[in-house]
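One line per chain: the protein sequences are L and B, in this order.
The C-terminal residue of the first sequence carries number 209 in the working numbering, and the numbering is unbroken.
The C-terminal residue of the second sequence carries number 473 in the working numbering, and the numbering is unbroken.
FYI, nobody ran anything at the bench for these hints, they're computed from the structure.
Glycine included, each C-beta is placed from N, C-alpha and C at the ideal position.
Hints may contain errors.
To give a feel for the contact side, a few chain L residues facing chain B, derived at Cβ under 8 Å [said to hold, decoys possible]: (1) 4; (2) 158; (3) 163; (4) 191.
Pairwise CB distance ranges, derived in the manner of DEER restraints [stated by the list, open to error]: (5) B:412 x L:27: 56 to 62 Å; (6) B:89 x L:48: 53 to 59 Å; (7) L:206 x B:456: 55 to 61 Å; (8) B:263 x L:55: 38 to 44 Å; (9) L:118 x B:266: 30 to 36 Å; (10) L:179 x B:46: 29 to 35 Å; (11) B:405 x L:47: 57 to 63 Å.
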Amino acid sequence: MIDLVLVLLIVTNIELLGSSRLNACIGLCARQGFLLGGVALSVARLEPGLIAVALTALIIKGATIPWLLRRAMRESRVAREVEPLIGYTFSLAFGFLALAVSLALAGRIPLPTPAPSPLLVPVAFATLATGLFLVVARHKALTQALGYLVFENGIFAFGLAALPEAPLAIEMGVLLDALVAVLVMGITIFHINRTFDSISTERLTALRD
Amino acid sequence: MLTALWIVPLVAGFLALKLGRRFLLLSAGVHALLTTAALATRPAASGWIQLDALGGLFLALSSLLFLAASFHAQGYLRREVQGARPDLLEGDLFSNAPEGLFCACLLWFLASMSLVCLSHQMTLLWIAVEATTLASAPLIYFHRHHRSLEATWKYLLICSVGLGLALLGNLFLVVAGSELDSPLQLEMLRQGAAAFDPVWLKLSFVLLVVGYGTKMGLAPLHTWLPDTHSEAPSLVSALLSGSLLNCAFLAILRGFQVVSAAGLSLQAQQMLLFFGLASLLVSAVFIAITRDFKRMLAYSSVEHMGILTLGLGLGPAGWFAMLLHAVSHSLVKGGMFMLAGNVMEGFHTRRIGEVHGMLRRMPLTGILWMAGFLALTGSPPFSPFVSEFLLFQAALTHDHPWLAASLVAALAAIFLGMSRSVLGMAQGAGSPREAEPLDALAAPALLLGLSLLLGLALPGPLGAFLHEAAATL
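Start from the sequences, fold in the hints, and give me the full structure.
Here it is, written out as structure tokens:
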């Protein structure tokens with residue numbers, strides 16, 4: 001069951017890299033949040049605290065944050081294209097490469113206590129890499145924020161593998177933190193749009209030496 | 001008592017939304033008193049919130065600098081023109097964010113920095129550092145124009161990604177010490193460190209240095225720093241440079257405490273030496289070529305963060321000097337950024353080439369500016385000279401004497417690069433003398449004066465306190 005969800009996560013990563021429509025990207029991000037919430041639930045083993053964390057993650061990552069991003073997109077009435085700095089073909093190639101490297105890397109440095117599924121750590125690393133790639137390789141501020149979210153999702157996935165019994169307060173703090181970060185980024189995106197009439201960071205080039 | 005140190009500014013922030021700048025100064029004063037009381041009594045505590053000498057040092061610095069900045073803010077906010085006005089560099093119209101919001105964010109910024117200094121739990125520390133980013137982003141966007149917006153976006157995105165890597169470093173630390181019951185509590189980590197899995201521990205430290213190093217402005221991860229520090233209002237730049245970079249450094253020091261308890265400090269030091277030298281090199285180049293005096297000060301912060309990292313990398317011989325240098329840099333750079341704001345108000349520009357004859361037109365500012373330049377470049381009799389000299393001695397006794405040589409070469413290059421710009425600004429024919437607002441000079445004069453006093457004679461208790469803090473590493 002958990003392996004099926006993890007495979008779906010991999011598919012989501014690849015789709016994110018190849019998707020050209022902003023709306024679809026936000027949808028994919030929401031799906032990733034739901035899937036991660038599902039992984040968290042299956043790891044929770046019926047402990048009420050862990051289930052609470054998993055449900056919070058599911059709501060924040062799967063619903064609240066995508067809703068915030070959709071709102072930012074609507075408010076700023078941006079064009080619906082992603083505007084990649086690096087083309088889709090190369091992005092997809094990067095996705096597969098990242099997956100291969102993650103699989104090799106996770107095999108090389110094993111966790112002291114085995115993760116709930118052998119796929120979890122490689123998927124976490126691949127998601128991290130996908131997020132970082134999106135931050136670097138996309139023009140729009142909104143897409144960069146999206147990349148940051150995917151990156152955070154990767155960290156969350158690794159957290160599930162590494163610390164299934166982590167104190168609740170910490171997990172909650174980290175989740176809320178991601179929420180506030182996206183909120184602040186969303187407000188900034190709104191200002192960027194109002195000032196430049198565009199949310200492409202191509203326009204953010206006045207500061208240099 | 002310790003909890004009050006971050007709860008008070010947090011609550012005060014909400015009140016400041018309505019009450020404005022006077023209340024800001026009052027809250028800063030209360031925080032300074034609380035800090036003094038906490039440092040005098042050193043309340044015993046265990047668990048997540050504690051006050052040790054290392055955290056206490058950075059807490060005292062932040063509180064002092066914040067008090068000075070709040071005083072500086074009174075005159076600054078009073079003189080700020082209300083409503084839309086043309087921008088200095090490009091002439092587009094812009095207006096300010098509301099004053100209440102500015103004061104509130106300043107206080108929230110103080111609350112998050114205090115929490116960084118008090119945290120003895122790695123995830124709480126991480127949350128606090130991330131909170132500093134979020135609280136300070138609106139401060140950078142106080143002047144609402146497109147350049148400050150660009151700076152804010154870069155700051156948010158680059159620092160958030162950097163801190164994400166630090167969070168991953170925390171998780172790696174959990175994996176390394178998976179036998180502990182209460183993971184990531186600093187004292188527990190240090191006790192158990194010897195039994196940690198060395199591979200995961202090393203990877204964790206690499207991620208912590210890269211992650212928090214992004215926030216600290218270590219080259220080559222410093223790209224956001226000059227933009228942010230040059231576009232923020234000057235008193236915010238003073239806090240960012242003098243307090244926030246220190247807080248990020250404290251986070252690295254916490255990671256180092258764990259690594260050194262595991263007996264892996266030598267490998268950690270090599271990486272720190274690399275980042276330190278890279279920062280010195282990059283800043284030496286950019287200080288010489290930049291044409292904007294606030295960016296010059298920002299690159300000088302990269303330089304000093306490099307010196308701190310180098311000091312940590314030098315091993316126990318350099319640690320006292322490193323902490324003394326952190327104190328010196330905060331005092332001097334805080335004062336210099338405030339002065340840079342005064343120069344901008346007087347000359348209506350940020351370009352080095354457009355400022356001449358400061359000593360004639362604004363003699364008091366000019367004298368302080370020259371003194372601050374001497375202090376920043378490590379000239380006697382200011383305190384950075386003492387700390388840099390001690391670090392040079394530590395580098396000489398290190399296994400690689402070329403470290404000392406490269407340190408001196410970089411410092412000399414930076415002195416030359418800065419002196420060309422600063423002397424050009426201070427000397428030359430200038431228009432007749434103008435009135436200088438005295439309240440705008442008080443805070444920088446106080447901070448530079450403290451640096452001078454520390455350079456002339458280091459008070460015994462402070463020296464003992466620094467030694468105590470260095471011994472915890």
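These are the hints, each one checked on the structure:
1. The restraint placing residue 4 (chain L) at the interface with chain B is violated, with a minimum CB-CB distance near 25 Å, outside the 8 Å limit.
2. Taking 8 Å as the C-beta cut-off, the interface hint given for residue 158 (chain L) holds, the closest approach to chain B being about 6 Å.
3. Of the supplied interface hints, the one on residue 163 (chain L) holds, with its beta-carbon coming within about 5 Å of a beta-carbon of chain B, less than 8 Å.
4. The restraint placing residue 191 (chain L) at the interface with chain B holds, with a minimum CB-CB distance near 6 Å, inside the 8 Å limit.
5. Checked against the given bound of 56 to 62 Å, the beta carbons of residue 412 (chain B) and residue 27 (chain L), roughly 57 Å apart, stay inside it.
6. Against the hinted window of 53 to 59 Å, the Cβ-Cβ separation of residue 89 (chain B) and residue 48 (chain L) comes to about 57 Å, which satisfies the hint.
7. Separated by about 43 Å at the C-beta atoms, residue 206 (chain L) and residue 456 (chain B) break the suggested range of 55 to 61 Å.
8. For residue 263 (chain B) paired with residue 55 (chain L), a C-beta distance near 42 Å keeps the hint of 38 to 44 Å intact.
9. Between residue 118 (chain L) and residue 266 (chain B) the CB atoms are about 35 Å apart, so this pair conforms to the stated range of 30 to 36 Å.
10. Take residue 179 (chain L) and residue 46 (chain B): their Cβ atoms lie about 31 Å apart, and the range 29 to 35 Å holds.
11. For residue 405 (chain B) paired with residue 47 (chain L), a C-beta distance near 59 Å keeps the hint of 57 to 63 Å intact.
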